[in-house]
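Protein chains in written order, with numbering that gives the first Met the number 0: chain D, 0 to 159; chain S, 0 to 159; chain Z, 0 to 495; chain C, 0 to 495.
I should point out that these hints are in silico values taken from the structure, not numbers from a laboratory. If you're wondering where the values come from, they're calculated on a predicted model, not measured in any experiment. Just so you know, even glycine gets a beta-carbon here, dropped at the ideal spot from N, CA and C.
Coverage of chain C stretches by chain S, computed from C-beta distances (three or more under 8 angstroms per stretch; other residues unrestricted):
1) 410-421
2) 444-457
Computed list of lysine-lysine pairs in PhoX-like fashion (alpha-carbon distance at most 25 angstroms, straight line):
3) Z:K71 x S:K29
4) D:K23 x C:K71
5) S:K8 x C:K345
6) Z:K236 x Z:K169
Restraint ranges, calculated between C-beta atoms of paired labels, are given here:
7) C:M250 x Z:E123: 50 to 58 angstroms
8) S:D69 x Z:K71: 29 to 37 angstroms
9) D:R21 x C:E204: 54 to 62 angstroms
10) C:K178 x S:N100: 53 to 61 angstroms
11) D:P117 x S:K19: 37 to 45 angstroms
12) Z:E318 x C:K253: 35 to 43 angstroms
13) Z:E123 x D:N59: 55 to 63 angstroms
14) C:E204 x S:E27: 41 to 49 angstroms
15) C:K178 x S:K8: 40 to 48 angstroms
16) Z:G24 x S:D69: 23 to 31 angstroms
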Amino acid sequence: MEVSVRTGKREFDANIEKEKDRYKIDIEGKQFFADYEPLSETDGNLIVEGKSYHVIFTDNSVYVNGVHFDIETIDPLKKELLKSTKLEKDEGAVVTSMPGNVKKVLVREGDRVEAGQPVVVLEAMKMENELDAPKSGIVKKVNVKENTPVEANAVLIEIE
Amino acid sequence: MEVSVRTGKREFDANIEKEKDRYKIDIEGKQFFADYEPLSETDGNLIVEGKSYHVIFTDNSVYVNGVHFDIETIDPLKKELLKSTKLEKDEGAVVTSMPGNVKKVLVREGDRVEAGQPVVVLEAMKMENELDAPKSGIVKKVNVKENTPVEANAVLIEIE
Amino acid sequence: MFDKVLIANRGEIAVRVIRTLKEMGIKSVAVFSDIDRKSFHVNMADEAYPLGGKTSAESYLVMDKIIEVAKKSDAQAIHPGYGFLSENEKFAKMCEDNGIVFIGPPPSAISSMGDKVTARRIMEKAGVPIIPGLEKEGLTEEEGLKFAKRVGFPVMIKASAGGGGKGMRKVLNESEFSKAFRQAKSEALSSFGDDRVYIEKFLEEPHHIEIQILGDKHGNVIYLGERECSVQRRHQKVIEESPSPFIDDDMRKKMGETAVRAAQAVGYFNAGTVEFLVDKHKNFYFLEMNTRLQVEHPVTEWVTGVDLVEYQLRVAAGEKLDIKQEDVVLRGHSIECRIYAEDPEKNFMPSPGKIERLITPSGPGVRDDSGVFEGAEVSLYYDPMISKLTVFHRNRKLAISRMLRALDEYVVAGIKTNIEFHKRVLTHPDFVKGKYDTTFIDNNIDYLLERENVNEDIAIVASLIRYYNSSFAGKVKEGKKTSSKWKDYAKNCWII
Amino acid sequence: MFDKVLIANRGEIAVRVIRTLKEMGIKSVAVFSDIDRKSFHVNMADEAYPLGGKTSAESYLVMDKIIEVAKKSDAQAIHPGYGFLSENEKFAKMCEDNGIVFIGPPPSAISSMGDKVTARRIMEKAGVPIIPGLEKEGLTEEEGLKFAKRVGFPVMIKASAGGGGKGMRKVLNESEFSKAFRQAKSEALSSFGDDRVYIEKFLEEPHHIEIQILGDKHGNVIYLGERECSVQRRHQKVIEESPSPFIDDDMRKKMGETAVRAAQAVGYFNAGTVEFLVDKHKNFYFLEMNTRLQVEHPVTEWVTGVDLVEYQLRVAAGEKLDIKQEDVVLRGHSIECRIYAEDPEKNFMPSPGKIERLITPSGPGVRDDSGVFEGAEVSLYYDPMISKLTVFHRNRKLAISRMLRALDEYVVAGIKTNIEFHKRVLTHPDFVKGKYDTTFIDNNIDYLLERENVNEDIAIVASLIRYYNSSFAGKVKEGKKTSSKWKDYAKNCWII
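Using the sequences provided together with the hints, build the complete structure.
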């Protein structure tokens, strides 16, 4: 199974397979054979090459022997979708590369916005995503309404 | 709300009502005003007349300040149903006082049974109940089949 | 002895006091704010009564309410812990007026030591060395500057009624003096309602070393060794140890006897702490006296074997001290690490939230004084210290190893803590050698904030297994558990 | 010193050893049976390797497998803990043959002390008092009876190769002798493959008091005070304390020096325990020597300040003892309560199952050496001891109060434990006075099993609130959480 991984510094695709009772994992060319045993809803013990680790999972983090790490894992397909289409036809256009549902429109026509200010909340891939203004300026046009679906590559908002 | 309570030694009906943020509870004429605050899925803190107690619930028990108690609580209606009809028309008849579903028949006709030996498992009131032979003897008749419903007061098995 | 004692405090210190009360067969009465209904000290106490309110000012600082609870519950005495009302002369008097024993010193000692100008004057008279300074009613800027030039810069300007860094200014040279003087005065006024300030010589590379004393109502005062508290961040102690690696037996005796003299000068009874600044030439100067139990008291308990809370209670009940000075022997080495809910990587910002997972260390020579439990919410309303971890071993080197072992066992998940920061301090070569002063953290902050991330690959392996299993269990549907951070990522990837 | 040590054990003692290894900077290697894959010691260790198997015989007792893991992991030494292979001469030799240091005494000392007849002979020669007894090859029933009549009944018949009560018979009078003799022989044969028995005078109201010793490879042996272990149930220690309330300094010195003589007689090094029986006239007799770390070693660590595991490692690595006899001072009082997963009300039957909730005590003077965690399964395969709770205070009375406080904090939900039983022992007037011997539990069992149920009304209140809230939350649907016990009730109510 291919999984995209991101840590504070690294970003790569890893591979994980189950072989009998253990997991075979590829991380940037390094291979790990891991024996994992859950201890509770949050805790587990991991034995990798004889070394034993106490692992704790919370909603956003993993702790190894008590030390905190932020590791993000996602389906590579989703990741690709998220960053595939690099449209740059209009510097002032807020465009979605994925189909989704407009959750919230945060600006109205005529509003003054700063570059980087969130202008639309889009729900796509089961996630909420804030889309930011690509540049500072005045909102010329809002092409979408809340709670309506949009197509990939749609221009949601235009900024002048 | 009326609740039937049973401890190791006592058995009685108690009353509990909610008054604003606290509970008003009647136990055998004694009145308690209790402030209860859950701390987690299993734990809570209870303040009764100024006294503070750490309470822990497991599937079958309650712990007060770490000390274990078995307290059983049930809807009084269910309890009444469970013991209402005292039929004694036939000493050898295995009778149900409630409607239910025959989960398992543990004996066959002609079997020798001892008094007190379980002969039928009946599912009623969302609980499984073992019905025991009322006397020692030979199973004369089995009137029910597994996984079939039975009416209240039905004679399930006859022992001679 | 008392039958019932109210603890006018919260968190770990309330729990700490309750433990000794239980051992003495004394009933404990907790009080709590609305925020603290679910807190550990409420659950631990025999009785608990609400004060209402959220902030300290609305709850733990409301004297009337606390006295009312004490009366209602028939508590004969009140233990104030530290902070809150522990050094409030008015509250101590109010207890007295209501026939309740205040577990602390006489109100007069609180007020003498509470005002820095008064304290300096009394100490000077008692032959306790004080930092060269100028304090007088109506001190003018000109007088201050003249003094500063005489003793030499840098100098400190401090609020007479103050504490905790408020109204305090370090002045490096003449040109800064005027502005700093005015700022200190106005900060003093807004913080303490009293704009009086005084000026002191600033000591370079100073150690903060304090002496624990214990006095009874019959005039007996003893000292129980010292605590080295120089690992500080913005005047906030982080790690303390006893004995101090900086001083020897002779100096300990000299400082101890001086501390006893300081206490006797104000007719002190109760446990108390005389804080000294010690310069690099081992001159020591009176800094202030804390007229209450100190946060870091467990290190003294470890090395002396004395339960300080027990003796606070016994003294308050009128008992004579049954420990003589010659009975006090320091029998090894103890270190305390204060566990804060804070994020060292984000400038030590408090990190409130739910403690999702809590594993506390145990085994030989380890003591954890915690104010929280797994599932507890750390709120922003009060101090972010969630626990004090202390260890004991026969010498300093072994005590450091033991503390590192205990910190390795300590797990707090869900909020950020300074546990990793502590490990960096304890392995810093200067700390290991015992060569550090109050500038240590500031001077080494980059080193102390570094992280090694040795197990990052293992964290990735674990995350992959979690992802793999939850995928097959159909739990990734929500995309929440395993990829919530991809929100930010996705956001960055939008083409806009 | 070693870089890496394998612990050939499980549970709390494996965790205990790992803690000191960590403090010494030594890597720890755990081994585990299939049943123990999820256990605490695996999680705590730096490395962990499976042994396979479920029973001890299939796992922790398989010498080849353990040696193999030691080699594979490059462990230079093996710590055997207690039980399992800790007193197995063959295993000690096997380690030696494989170039691995066995952290224990020389194999010859194990074998000398392992055989009771041999041990008695050596002790007698070394001037260590032994219980009047008769041991000879080919002892006949007639010879035995003659001896019994001479020293007077009651007498004990014991297996020469035995231990732990197997092959042991108390004979009250002449008429019982013949049957008991034959039973003891056959039990000895089936338990140890060796039917030799010996006969001893039975001591009335005996105390079980043991001396902790520590020896190095250079001939130095010291003693570290005693432990009073008379609170026993079927030869199983339940509560231990140090010092013993029964002996004084003179007797301590006499017993200590005798224990050192006993150890030196077999060329002992490592930590070890010389067990004595002490009769009511304070005569003491050698019982046996345990040539390994003892379960109850923490009470000695508390009162002497010595980390016994650390010294086991240092001695095993060839270091000379840096503690002299005169350095050993008992500095207060320590008590241990063994926390067992057992149901005192059901004849102390083991109570396996899942620990649904676990709260361990902390604060001043409390140490918990646990082998489990919340969520752990206690299996029937191994010892039901889940933890050892020890406390320290400056005297016995205060130590008892502290232990009661700690036991009050201790919560184990989901399985039954003996925590309430401990509280009854600690508050029994004879225990409080320190007047008890090995017959204490048997003679007071009814009192000790009584329960007060003071908070039953509160338990009912809590249950009602739970029921009320789950009713409104629609959670009673299943009838499971709140009324599972009504199954039995319903059953009784059927009309049949």
